[in-house]
Amino acid sequence: MNELTIEYFALLREQRGQANECLATTAATPAALYAELQARHGFTLPGDRVRAAINGAFAAADAPLRSGDHVVFIPPVAGG
Amino acid sequence: MFRISPTPLELPALRAPLADARAGALVTFEGWVRDHNEGQAVQSLEYEAYVPLAEAEGERILAEARARFGLLGAVAAHRVGHLALGELAVWVGVTAAHRAAAFDACRYIIDEAKARLPIWKKEHYASGTTAWINCATRSGPG
Chain A
1 MNELTIEYFA LLREQRGQAN ECLATTAATP AALYAELQAR HGFTLPGDRV
51 RAAINGAFAA ADAPLRSGDH VVFIPPVAGG
Chain B
1 MFRISPTPLE LPALRAPLAD ARAGALVTFE GWVRDHNEGQ AVQSLEYEAY
51 VPLAEAEGER ILAEARARFG LLGAVAAHRV GHLALGELAV WVGVTAAHRA
101 AAFDACRYII DEAKARLPIW KKEHYASGTT AWINCATRSG PG
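As they're listed, the protein sequences go chains A and B.
Just so it is clear: in the first sequence, position 65 is 65 by the numbering used here, and no numbers are missing.
Just so it is clear: in the second sequence, position 80 is 80 by the numbering used here, and no numbers are missing.
Chain A with its partners taken away, still in its complex shape (with noise of 0.2 angstroms):
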């Protein structure tokens, strides 16, 4: 089990109803993570529209996650 910090924005801080959670999980990578999430939540972004950040860098799909990691999904972006 990884004990992570999700922090959410935007659409999913929304849909999520929150901005911050705390988690136990078995998911071992991003990928695997937004898939409990999105069937927890229902999330209506697909999985290959978000991307990943670990402890505030960008970070792959298939990155490995630890415990105590910080975990961001960031839908599409649109600044400017």
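Derived from the structure by calculation, the hints contain no laboratory data.
One or more hints might be untrue.
What the hints assert, rightly or not - Some chain A residues well away from chain B (every beta-carbon gap over 10 angstroms; in silico):
id	residue
1	Phe9
2	Arg13
3	Gln18
4	Thr25
5	Ala63
6	Ser67
7	Gly68
8	Gly80
To be verified - Okay, derived cross-link-like pairs now, SDA-like style, lysine to any residue, Cα gap no bigger than 25 angstroms in a straight line:
id	chain 1	residue 1	chain 2	residue 2
9	B	Lys122	A	Glu14
10	B	Lys122	A	Gly47
11	B	Lys122	A	Arg51
12	B	Lys122	A	Thr44
13	B	Lys122	A	Glu7
14	B	Lys114	A	Asn55
15	B	Lys114	A	Gly47
16	B	Lys122	A	Ala78
17	B	Lys114	A	Met1
18	B	Lys122	A	Thr29
Note that the coordinates shown come from a computational prediction; the quantities given were computed from them, not determined experimentally.
Beta carbons: idealized from backbone N, C-alpha and C, even for Gly.
Knowing the structure of chain A, use the given hints to seat chain B on it.
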């Protein structure tokens, strides 16, 4: 210097660090909140950012532009929060010895910023609805 700002962008403060006797050109870009998008009347915009990563990625973009175009200076800032029509949402300023590099670098920075920074925009429409831009997903027939 790349900053995410929850308060209105102050042009004199953004320009000041660019002063440089070697510079023959300053090119700036201002992104404003406009009153329409894709056929809908827009009343206001909300910007949200993952601040530490947006600032780190913004600094990377500025460093790329400095190296690629031989800039003397590069500064950019992006607002977050609820902005009214006409407000300044994003500002980019670059200096170079000659104008061609400055024009090209300014364009590079704003294009990369829009594509790469973890910043999100929610439009509030005159019809009373809202939408996160680029987050629409197809569902149902059609």
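Among all the numbered hints in the text so far, which are the ones the structure does not match? 1, 2, 8, 17 and 18
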